[in-house]
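Asker: Now that you have both chains on their own, put them together as the hints suggest.
Residue numbers (full-length UniProt numbering), protein chains in the order written: chain A, 1 to 228; chain B, 1 to 340.
Quick caveat, the hints were computed from the structure, so don't treat them as lab data.
All C-beta atoms in this analysis are idealised placements derived from N, C-alpha and C, irrespective of residue type, glycine included.
Hints may be right or wrong, so weigh each one.
Said to hold, decoys possible - The following residues of chain B were derived to be distant from chain A, with all beta-carbon distances above 12 angstroms:
1. Pro39
2. Leu70
3. Trp104
4. Thr125
5. Asn163
6. Asp292
7. Arg294
8. Pro318
9. Asp340
Said to hold, decoys possible - Using C-beta positions, here's what the derived DEER-type ranges look like:
10. A:Asp101 <-> B:Thr218: 40 to 46 angstroms
11. A:Val82 <-> B:Gln186: 41 to 47 angstroms
12. B:Val58 <-> A:Asp101: 53 to 59 angstroms
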Amino acid sequence: MTEEEQVVGLVPKCKLVCQGAEGRVFETRYFKRRAILKQRFDKMYRHPILNKKLTRQRLGMEVKGMMKARKLGIRTPTVLLVDTETNSIIMDRVEGITVKDWLRKGKYTEEELGRVLSAIGTQVAAMHDGSLVHGDLTTSNIIVREPSLELTFIDFGLSFNTVAQNGPEDKGVDLYVMERAFLNAHADKPGLFDKALEAYSQKTNQWKSTFNRYSEVRMRGRKRSMVG
Amino acid sequence: MGKPTICMGFEGSANKIGVGIVTSDGDILANPRKTFITPPGTGFLPRETALHHQQVIVPLVQECLKEANLTPKDIDCLAYTKGPGMGAPLVSTAVVMRTLAQIWKVPIVPVNHCVGHIEMGRLVTGAVDPIVLYVSGGNTQVIAYSEKRYRIFGETIDIAVGNCLDRFARVLGLSNDPSPGYNIEQLAKEGSQYIEMPYNVKGMDVSFSGILSFAEDTAVKLLKKGTATKADLCYSFQETVFAMLVEITERAMAHCNTQDVLIVGGVGCNKRLQAMMKIMADERGGKLYATDERYCIDNGAMIAWPGLLAFGQGDTIPVEESTCTQRYRTDDPVINWRDD
Ligand SMILES: Nc1ncnc2c1ncn2[C@@H]1O[C@H](COP(=O)(O)OP(=O)(O)OP(=O)(O)O)[C@@H](O)[C@H]1O
Ligand SMILES: [Fe+2]
Ligand SMILES: [Mg+2]
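Here chain B stands alone, though its shape is the one from the complex (with noise of 0.2 angstroms):
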């Protein structure tokens, strides 16, 4: 067999800024990664999210080498996120990929960051056609493969589930570090209330808006009053919001007929929505396939893996085309490395 091809991912789309070494047998060689962090009730900017990673991404290349042990010749493309994120930081990323590109003569391969999510996913765990729930800052989704894409079955009418539990957390006043929603799931072990909040399924759709104002005002009150601590809050909150993601995931399965499930994003390192959805796949006789935070949260092998498989079928692309886009959809981009 002939060797490897080597791939070099990066990822900025959003507040991490992550730059991956993967080979084509999927063997990830390196994987470093840095998350802009701001204070406690504020948000990231795309402007100071740009400026972060134009900081740190020059030495995060040089680790990334480091530690795969390999030089610039070693590798055979660089896959780069194109959308969709954040402009600033999009570009910023894209920018730093497109003068490597040049320097070290190799081609660039474009990764919708969805995508990369999934591919991650499957890659990591062996899950090779599930339905997939994609749970992040930004994007809520219930996903099956067919025909060439990942079809988007479910997704959130209104805000997104992690979007949904930042603005939660600061309204909590909780810390951004090492994330709200982690937060917020220590801070959740220690409720014992539960406390109804508003539930809203449509179909295989969700819609977080109106629980996230009933966090906004009446459980600030409660928490006035004292008749609930923030830990039985977080507890309801999360309690109510997985539940309203597994009850979406078990309907596409229904509908698909699909037994297994794969949890990707940077909620999908949340250990108690992986707890509740193992429950709903065992009772159907399907298996829950998840990560961890080193590969649920945005990071540089998401992006290197599915780079490598668009290599494979010659999706290159000229540097003049390397641009990014805010908007792209996960079932924009033809998968063309799937056959099933």
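In isolation and in its complexed conformation, chain A is listed as follows (with noise of 0.2 angstroms):
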């Protein structure tokens, strides 16, 4: 075993990959398959009793997330296992790097940006017409993969089933938080969001109620009072 590997839970030869807000990201095997294993561990700053309800909470929704996201024809990794004694799961590793780094590079033509955004808002369109809205919608929690450029959505800790009356809130927030991400991670490529949503409303077949509602969230910012 080489230094960094370490064990965790039961699982032999983890590598840590991403120290992230919520949990620690490694990469590691399963059965021959090359993985990954999420790991979500106690926050000492909250309550146990919070930590706890929030630890089991989004363990399960990454896994309903995923599995529901499949289902709407959106690819995510496979799930192999889920530990909810040491609040992990290991899924399939994706081969490729995520829209962020992709982006960062910029090794890309504009068709493939093109193609990259398009698809992007294609797919967030799929899920949120099935319902589903992810919650994290950056560009670190979509990997892309070359030369095909075909997409994998992760991270879906904070995703949830929209219920019919806050529909079109959700998905104007979800659509919100994707926007403020692109702006943040990607300050000197404006209008690369804009790109995705357009393709997001030839998509979606509940345009109107979802664009009105995110135009809405967004003046709320613009008016609220900024005092203290």
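Answerer: See below:
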């Protein structure tokens, strides 16, 4: 075992690849498959009752969200094992790099960029039309594989199934979060989100209600008093 | 070395009026402040707040000079809050600043209030390039510096955390003296029972409307039934709301690959919020930077200091242009004094 490899739960040979906000992500092997182990750990800053509730909820939603997304025709990693004792999920390791890194590397043609952005919009629309809200649509949570440019969505811990009357609000907020994530991570490349939204608008069956609410969510931010 | 430049800063965008004197070496020579306090159950209105500021600002300027042991001749420039904030109080403060600028014949520098909080926090704590959690009555933002701007990574999608705390305090009928948030913090220390409340995080954004409406109906019912005390409610409310804030801050830290965190704004002086944030920062091998109520809460020095930084870049404006604006986003101004 090399120095950086460690045992996580019952899984040997785990190599830390990312210390996220909620957990650690390791590269490992699972029955010879290249796998990713994502473990959520206790957050000591929050009340134990709240901590338990959130950890459990998110572990559950991460798995459910991935399965639901698949049913809607969106590529997600295959879940191999869920362990509620150690709050970890083992899933297939997706080949490729995050859309964030891909954009930063900048080694793409205009046409390829257009294809990726429109695929993002189309697939988010498919999720939304199936009542699935991702909850954290950042460019780090979408993996792109070269040269095919096929996309895989990951990190469904904040995802949820929206019910009828909350649909427009939840989807509007999801788009708003995505817009800001694009703006912040790629401040030097304006207009990326607009291209994705364009594709979204063509694909979705609920454009009017979602777009109205999305515009309203944006306005709320603009109009809010900023005293203090 | 030459004599340091000296700036007098004016802040009156909300219910505090502050005048501060800072030198270009970062020394805070004086920073007096007065707060407009309203009766329990009520908030502050623009007109009354402006009136309060008008009544106390001139003596406050005199007090500030006296405390700093300076005369008007020593002042090299005046900085004022251009926005964001409440119109009438902002303008009342700016009018006095403009008058003094003309009498004293010194240049004027406009300052964004949010940038004031951030730069003051960096000055007082020595934090270099932290993720900033800016939490106050009207703002809830997670901010990171990049390419000459303070960029907003996460924020509230509805009401601000301070506003949420104030309204919750109003529901419970807590005093506004010295601030509703302070009284919630004190009462929370006596709470023992954790009551689950709505928790709402969306990526790096938060929403507080759910927990506020829960507090307004369900929590009040629990209180009436006697199954929870006011202290329990304050405790549970704080634990939930602050956990949301720490979570989005941590997400931004992971996202930006930043280790340190700085808390600014009025809610930032809450000791429980600081303690929770410190646990998170420690776990990530980073550092928490926070300040006490002297600098967290609106004050004049937090305007004087960025005023000096901008003055150093030659950013002065003529009197006619020294206007105010109620909306002025944190990511609007160009931060030309930072090169990193
Ligand atoms: N199945 C996978 N295949 C390949 N890489 C992955 C996979 N899952 C995660 N990663 C990599 O690990 C990173 C972090 O994973 P993920 O987004 O699931 O966790 P996180 O960001 O820590 O969660 P959170 O956003 O809630 O903090 C991803 O951005 C990606 O680079
Ligand atoms: Fe403020
Ligand atoms: Mg992620």
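Asker: If a hint holds in the structure, say so; if it doesn't, say that too.
Answerer: Hint check:
At the 12 angstroms boundary, the C-beta of Pro39 of chain B stays outside the reach of chain A, the nearest C-beta of that chain being 19 angstroms off. With a least beta-carbon separation of about 29 angstroms from chain A, Leu70 of chain B lies farther than 12 angstroms from that chain, consistent with its non-interface assignment. Every Cβ of chain A is farther than 12 angstroms from the Cβ of Trp104 of chain B; the closest lies at roughly 29 angstroms, confirming the non-interface assignment. Separation of Thr125 of chain B from chain A is adequate, the least Cβ-Cβ distance of about 20 angstroms exceeding the 12 angstroms criterion.
At roughly 8 angstroms from the closest C-beta of chain A, the C-beta of Asn163 of chain B falls inside 12 angstroms, breaking its exclusion from the interface. Every beta carbon of chain A lies more than 12 angstroms from that of Asp292 of chain B, the smallest distance being close to 17 angstroms; the non-interface claim holds. Distance check on Arg294 of chain B: its Cβ is at least 16 angstroms (rounded) from any Cβ of chain A, clearing the 12 angstroms threshold; non-interface status holds. The beta carbon of Pro318 of chain B sits about 26 angstroms from the closest Cβ of chain A, which is more than 12 angstroms, so the claim that it is off the interface holds.
Its beta-carbon lying about 15 angstroms from the closest one in chain A, Asp340 of chain B satisfies the requirement of being farther than 12 angstroms from that chain. About 45 angstroms separates the C-beta atoms of Asp101 of chain A and Thr218 of chain B, a value consistent with the hinted range of 40 to 46 angstroms. Against the hinted window of 41 to 47 angstroms, the Cβ-Cβ separation of Val82 of chain A and Gln186 of chain B comes to about 43 angstroms, which satisfies the hint. The hinted range of 53 to 59 angstroms is satisfied by Val58 of chain B and Asp101 of chain A, whose Cβ atoms lie roughly 57 angstroms apart.
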